Amino acid sequence: RSDCAVWDEPFYAHYLSATGLDHPMATEIIAAYETDWEKVANLASGPVPGDKTIFYQKHMTHHILPHMDLARLQGIRHAFLIRDPARVLMSYMEKRANVTLEDLGFSQQHQLFEMIWDDQKIPPPVLDAEDLLLNPMAMSTALCVALGIEFDPAMLSWPVGRRKSDGLWAAHWYGSVEQSTGFIAPSNSARKVPEHLRDLLVDAEFYYQALRPHRLKAK
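Here the sequence shown is numbered in my numbering, starting from 1 and rising by one per residue.
It is worth saying that the hints were derived from the structure and are not from the lab. Predicted, not measured: the structure shown is a model, and the values here were computed from it. Think of the CB as a built atom: it goes at the ideal place given N, C-alpha and C, for glycine as much as any other residue. Please note that the accuracy of each hint is not assured.
To be verified - Computed cross-link-like contacts, DSBU-like style, restricted to lysine-lysine with a CA-CA straight-line distance of at most 35 Å:
#, residue 1, residue 2
1, K52, K217
2, K217, K58
3, K121, K39
4, K192, K95
5, K58, K219
6, K121, K58
7, K217, K121
8, K39, K58
9, K192, K52
10, K219, K52
11, K95, K39
12, K217, K164
13, K192, K58
14, K39, K219
15, K52, K39
16, K52, K95
17, K95, K58
18, K164, K52
19, K52, K121
20, K219, K164
21, K192, K39
22, K39, K164
23, K121, K192
24, K217, K192
25, K219, K192
Unchecked claim - Pairwise CB distance ranges (calculated):
#, residue 1, residue 2, range
26, Q209, K121, 20 to 26 Å
27, A218, P159, 32 to 38 Å
28, M115, P159, 32 to 38 Å
29, F151, Y92, 16 to 22 Å
30, F151, V177, 19 to 25 Å
31, K52, D118, 39 to 45 Å
32, K39, H196, 38 to 44 Å
33, G46, H196, 42 to 48 Å
34, R212, M93, 19 to 25 Å
35, Q111, R87, 18 to 24 Å
36, F151, D199, 39 to 45 Å
Could you put the whole structure together from the sequences, leaning on the hints where they help?
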């Protein structure tokens, strides 16, 4: 949408720098982006870039490390995207074989949800990815209503290819979305999770189910 500035995973470089994790393109990402989380937080809570009226920031919950004070993000409206853990796990493993619960962000997402709920006294909006894919217009509208912004039909489609707002990591992680032009209904076929990851899946499912009752419903 033309009224929206986009920032893709603002804290990713700090996360990689602070944890030393061996992610694809880690060296390039750390070199290209700000690694000081406080400077990033100041920009995230500052003026909207480019004379836009909406500042959309896509954060990954596992990028929010324990030493980072979310009070620095005052004034930001939060919404949570949740997704079936089995689909998340199998999708992640296509790009990075070694995976832990912390890599997927489910526990961190639940913790952040509870923290923001406690701070704001109302639960932040929750959008289930499957609901969005099955009914893009209704669920996008519901999210806009929850956030107090106007729905724009431009949210429902986009051109093929990479976006200027995408981070360097798009080359490794965003192949599927770069080939898409809109939301696609999820496959009904079950994705078999390897036996050695069943305990991880059970743990992720616990956090997913804790947030699911709060998900937005189509009108």
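Hint-by-hint comparison with the structure:
Between the alpha carbons of K52 and K217 the distance comes to roughly 28 Å, so the proposed pair stays at or under 35 Å and holds. A C-alpha spacing of about 22 Å is found between K217 and K58, which places the hinted pair at or below 35 Å, so the restraint holds. Proximity of K121 to K39 is assessed by CA-CA distance (about 28 Å); at most 35 Å being required, the pair is judged to hold. Note on K192 and K95: the hinted pairing holds, with a Cα-Cα distance of about 17 Å set against a maximum of 35 Å.
Between K58 and K219 the CA atoms are separated by roughly 25 Å; this keeps the pair inside 35 Å, and the hint holds. For a cut-off of 35 Å, the pair hint linking K121 to K58 stands: about 23 Å separates their Cα positions. With a C-alpha separation of about 21 Å, the suggested pair K217 and K121 falls inside the 35 Å cut-off, and the hint holds. Simply put, K39 and K58 have alpha-carbon atoms about 17 Å apart, close enough for the 35 Å limit, and the pair holds.
With a CA separation close to 43 Å, the supplied pair K192 and K52 exceeds the 35 Å bound. With a CA separation close to 29 Å, the supplied pair K219 and K52 stays within the 35 Å bound. About 30 Å separates the Cα atoms of K95 and K39, which keeps this hinted pair within 35 Å; it holds. Annotation: proposed proximity of K217 to K164 holds, straight-line Cα distance about 32 Å (limit 35 Å).
Taking the CA atoms of K192 and K58, the gap is near 28 Å; set against the 35 Å cutoff, the hint holds. Restraint check for K39 and K219: the C-alpha separation of about 40 Å exceeds 35 Å, so the hint is violated. Restraint check for K52 and K39: the C-alpha separation of about 21 Å stays at or below 35 Å, so the hint holds. At most 35 Å may separate the alpha-carbon atoms for a hinted pair to count; K52 and K95 meet this at roughly 34 Å.
Restraint check: the Cα-Cα separation between K95 and K58 comes to about 19 Å, which is no more than 35 Å; the hinted pair holds. With a C-alpha separation of about 16 Å, the suggested pairing of K164 with K52 holds against the 35 Å cut-off. Between K52 and K121, the direct Cα distance comes to roughly 29 Å. Compliance with the 35 Å bound is thereby established for this hinted pair. For the hint pairing K219 with K164, the CA-to-CA distance comes to about 33 Å; that is within 35 Å, so the pair holds.
A C-alpha spacing of about 42 Å is found between K192 and K39, which places the hinted pair above 35 Å, so the restraint is violated. The straight-line distance between the Cα atoms of K39 and K164 is roughly 22 Å, inside the 35 Å bound, and the hint therefore holds. Taken as a hint, the K121 and K192 pair is broken in the structure, with Cα atoms around 39 Å apart against an allowance of 35 Å. Taking the CA atoms of K217 and K192, the gap is near 28 Å; set against the 35 Å cutoff, the hint holds.
Of the pairs offered as hints, the one joining K219 and K192 holds, with about 33 Å between alpha carbons and a cut-off of 35 Å not exceeded. Between Q209 and K121 the beta carbon distance is about 23 Å. The supplied range of 20 to 26 Å therefore holds. Distance hint for A218 and P159: a CB-CB separation of about 27 Å, inconsistent with the stated range 32 to 38 Å. The supplied range of 32 to 38 Å is met by M115 and P159, whose beta-carbon atoms lie about 37 Å from each other.
Restraint check, F151 to Y92: a C-beta distance of roughly 31 Å breaks the suggested window 16 to 22 Å. Distance hint for F151 and V177: a CB-CB separation of about 21 Å, consistent with the stated range 19 to 25 Å. Restraint check, K52 to D118: a C-beta distance of roughly 30 Å breaks the suggested window 39 to 45 Å. The hint said 38 to 44 Å for the Cβ distance between K39 and H196, and at roughly 40 Å that hint holds.
At about 45 Å, the CB distance of G46 to H196 agrees with the hint of 42 to 48 Å. Under the hint 19 to 25 Å, the C-beta atoms of R212 and M93, about 23 Å apart, fit the expected range. At about 22 Å, the beta-carbon gap between Q111 and R87 stays in the expected band of 18 to 24 Å. Checked against the hint of 39 to 45 Å, the pair F151 and D199 passes, with Cβ atoms roughly 41 Å apart.
Hint compliance for this structure: hints 9, 14, 21, 23, 27, 29, 31 are broken, all remaining hints hold.
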